[in-house]
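Line by line, the protein sequences give chains A and B.
Residue numbering for the first sequence is 0 to 512, as defined by numbering that gives the first Met the number 0.
Residue numbering for the second sequence is 0 to 430, as defined by numbering that gives the first Met the number 0.
Since the hints were made in silico from the structure, they are not lab data.
Hints may contain errors.
[To be verified] Stretches of chain A that chain B covers, calculated by requiring three or more beta carbons in the stretch to come under 8 Å of a beta carbon on chain B: (1) 13 to 21; (2) 420 to 431.
[As the list claims (entries may be wrong)] Calculated pairs, DSBU-like style, for lysine-lysine (alpha carbon to alpha carbon, straight line, at most 30 Å): (3) B:Lys189 - B:Lys210; (4) A:Lys470 - B:Lys30; (5) B:Lys224 - B:Lys243; (6) B:Lys86 - A:Lys425; (7) A:Lys418 - B:Lys86; (8) B:Lys39 - B:Lys288; (9) B:Lys217 - B:Lys206; (10) B:Lys268 - B:Lys250; (11) A:Lys386 - B:Lys86; (12) B:Lys31 - A:Lys470; (13) A:Lys490 - A:Lys425; (14) B:Lys13 - A:Lys194; (15) B:Lys13 - A:Lys154; (16) B:Lys268 - B:Lys288; (17) A:Lys153 - B:Lys192; (18) B:Lys224 - B:Lys206; (19) A:Lys392 - B:Lys86.
All C-beta atoms in this analysis are idealised placements derived from N, C-alpha and C, irrespective of residue type, glycine included.
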Amino acid sequence: MSKAKRREPISTGSEWTFELLQEYDQEIARIAKEYRLDTYPNQIEVITAEQMMDAYASVGMPISYHHWSYGKHFLHTQTHYQRGQMGLAYEIVINSDPCIAYLMEENTMCMQALVIAHACYGHNSFFKGNYLFRTWTDASAIIDYLVFARNYIKKCEERHGVDAVEEILDAAHALMNYGVDRYKRPRPISPEEEKQRQEERETILQQQVNDLWRTIPSSEKTTKKKTRRFPEEPQENLLYFLEKNAPLLQPWQREILRIVRKLAQYFYPQRQTQVMNEGWATFWHYTLLNTMYDEGLVTDGFMMEFLNSHSGVIYQPPFDSPYFSGINPYTLGFNMMSDIRRICENPTDEDREWFPDIAGSDWLETLHFAMRNFKDESFVLQYLSPKLMRDLKLFSIMDDERKMHISIDAIHDEMGYRKVREDLAKQYDLSYREPNIQVYSVDVEGDRSLTLQHIRQNNIPLSDQTQDVVKHLHTLWGFDVYLHSIDGDGKTVKSYTYSQSPHRQSEQLELNA
Amino acid sequence: MSYIIDRRLNGKNKSMVNRQRFLRRYKSHIKKAVTDAVNKRSITDMERGEKISIPTRDTSEPVFGHGNGGARQRVLPGNREFHAGDKVLRPKGQGGGGGGAGDGNASNQGEGEDDFSFFISKEEFLDYVFEDLALPNLMKKTLNEHDAVEYRRAGFTATGTPNNLAVVKSMRSAQARRIALSASSRRKLKKAKAELEEELAKDDDLKNPKKISELEDKILKLEEKIKKIPFIDTFDIKYRNIVKEPVPSTKAVMFCVMDVSGSMTQQIKDMAKRFYILLYLFLERNYEKTEVVFIRHHTSAKEVDEQEFFYSRETGGTIVSSALELMADIIEKRYSPTEWNIYGAQASDGDNWDDDSPQCAEILHQRIMPLLQYFAYIEITPNAHQALWRAYEELAPQLGDRFAMEQITSAEDIFPVFRDLFSRKSLKEAS
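Take the sequences, apply the hints, and build the full model.
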């Protein structure tokens, strides 16, 4: 900032202390405020490497119920970290209010400042501002809800045994990505209410389910065999459908499905805003620390170290590099955010043609608007500029297994900009990234089998884990499960079946009915 | 407003439960890996952790995802030479590209490298080893921990209980004290006596009776003063200092005797190996130094190294007495029973040349058992017993609890062989 007066650097060495953290945080907070970053209060926790591994294991959540998969995750991290095959992330940040950020003890002062700027002001303001997070997550309630979930599952384990709970959790985790209503705003979660309603639900829910499966013959049955279609519309929220309709589940099992579903919903925005979220946070740690440098608050050495790790973070290996593993969300996000600022501040003729409404506008206003109102897919579609496509040398290919060759459809030139941009945006569209699988029908009158449909896009088949997932579906449904993979013409290309009704479970049904 | 919290002192083992859950779920895999490791390792090398590998496929958490194939549109960075409309051959070894969603593709090709690997600790490793053997919990604990304690003298101390009173040392220090305290009085006494003598030796008329009586008085007083010094003082009393030291008693040697004739399959040998491991672990905990002697035999016996003992194959008949003879010879030559605690463990499938069995019992009874702490015999066979078993069976009552024999068909039968030995040990500890 131009009005800034040169001051003494806050510190010169690389060692950090709690006083220094406090001081850096205050300065960063002050500058962030100048840039109108609106954040939840921060709770910065300094932890050791071992604790970081713990935090890793539970997908970054500070508390979680016990499950073997977290143990697997932990062992994996531990094995690789201890043998020096991987480093740990510098930070983990949790979308909660107050926003919890973990700082590793081993970091240098420069890294701590970078992490504070990145997580506590970048991610934090994104969590608070972006419409998806505002709609789908409830930052103030998540920690309490996690505590509720943990206690509930613990209680279930005591009552029904670890194995029984694990079986349901395994199955629920397998369907976790199919536990979100994409278009309906969910009710905010509240642990108190949740606890209260949970018991009522137990009884009422079971009654409703039993009603669907009523076995008393109805009078119409004799006159006309009317086929009752169920569900009336295909259902994309598999976990919700199973929670409400699976015939054999016990009330506590339904409750567990609900918990997994709520967590899936909490993570849903993160899966859709990776580029934006990381881009936003990276843009701000870059901008905030540079402002600090301009004000003379940090030394040249600090800046060198910072730029070194910053450029490591945003490095994008080309597609034919052995290190290539897809487009780096930090690179794309950071470059797009910086590019928006450039378009606002120094637009070229090309920019004026492509972005007439933002070229030359107030960059801060524009950037905040972009952060609040988009997700990755629409963000790319709206803001990816021809200049950036040229800089990153993006090109779009078509890889069709029926053809000998891969064809290059479009590259970063006048002819290709729109196509490349559309294709890239699609790449971030969850409905393209994940197979489209829906509950199609239930044989209510007959063998109670559940039929799902997978509608193929571009003839892409399901992976070979599918049979295992169908088995998990069967665990929850209790009767035969069919999954038909259907191509564009409505023809079934492949079917997955799991049929084996355990005797014990069918007895349970009779008791309930 | 930010709060900065130091969480470093909070527990770091938050993932412990989840880790246990994982180990529990993959118990069968881990047990298999441990079994393999036991077979690969030397029996003197049981006390370290182990790397466990589980095929990725088995630990996967399946989710719906796209497989390979179909038509995929992808946007890639770093174009150099391509133009729109170009066709390129599909690169090999990359099955259609993983795309954004494609995990799980890599895991299905081959095994080796893609295995999920991690380490278990020494304690966990031993737990899995013991699990097979159906050890009682108490045993697991004694084998797992190094808690044998011995009391040792360590000089003297000024405090203690009367039973530890060191009389000689106390008397000696009392004497020293007495000498030190009376030194000046005795010097004066000596001088006074000398003067008195000198005075008495003078001619009668030269004698000074006054001086004589003075001197006599002085001598009397000094003698009294010396007498007044206490013979023993609390200050003199010394006690023997006794400290606890976790030191196993002494040296032990363990003889592994095994039949390696053609009828012993590798599987039987693996079972026998568990048997030796258990005895070894027990001895190692109880003795400072444990040596192992491997004797294998068919028609003739030979002392060999561990590798050859477990893994070389032989054919031919069986004469057990040859091995016992050799064992007795080795004891005589190298392991004097006054210095060594000698243990014997014999494994066999029960085959023996019929006429040899009484001889075995004879050697065992006459030559070996008098020198031994304990001898265990296992017969690994599902079949009926033969002459050797019967010969030993006859002998057993005479040898009491120093001898154990058992027929074994699976690993959990091994522990009962040692039950007496181990319970004796815990009794000794309790007393």
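Regarding the pair Lys418 of chain A and Lys86 of chain B, is the alpha-carbon distance no greater than 30 Å?
-> Distance of about 17 Å is within 30 Å: holds.
30 Å limit on alpha-carbon distance, applied to hinted pair Lys470 of chain A and Lys30 of chain B = With Cα atoms ~26 Å apart, Lys470 of chain A and Lys30 of chain B stay inside 30 Å; holds.
Holds or violated: Lys392 of chain A with Lys86 of chain B, Cα cutoff 30 Å?
-> 18 Å, holds
Are the Cα positions of Lys189 of chain B and Lys210 of chain B separated by 30 Å at most?
-> Since the Cα atoms of Lys189 of chain B and Lys210 of chain B sit roughly 16 Å apart, the hinted pair holds (cutoff 30 Å).
Given the hint that Lys490 of chain A pairs with Lys425 of chain A, does the C-alpha gap stay at or below 30 Å?
-> 25 Å, holds
Please work out if Lys13 of chain B and Lys154 of chain A have their alpha carbons no farther apart than 30 Å.
-> 19 Å, holds
Between Lys217 of chain B and Lys206 of chain B, is the straight-line Cα distance small enough, at 30 Å or below?
-> 17 Å, holds
Satisfaction of hint between Lys425 of chain A and Lys86 of chain B, Cα-Cα up to 30 Å | Judged against 30 Å, a Cα distance of about 22 Å means the pair holds.
Regarding the pair Lys268 of chain B and Lys250 of chain B, is the alpha-carbon distance no greater than 30 Å?
-> Given that 30 Å is the threshold and the Cα spacing comes to 27 Å, the pair holds.
For the pair we were handed, Lys31 of chain B and Lys470 of chain A, check the Cα-Cα distance against 30 Å.
-> 26 Å, holds
Mind checking the alpha carbons of Lys39 of chain B and Lys288 of chain B for me, to see if they're no more than 30 Å apart?
-> The given pair, whose Cα atoms are some 23 Å apart, holds under the 30 Å limit.
Within 30 Å, alpha carbon to alpha carbon, are Lys153 of chain A and Lys192 of chain B?
-> 96 Å, violated
The earlier numbered hints that this structure contradicts are 5 and 17.
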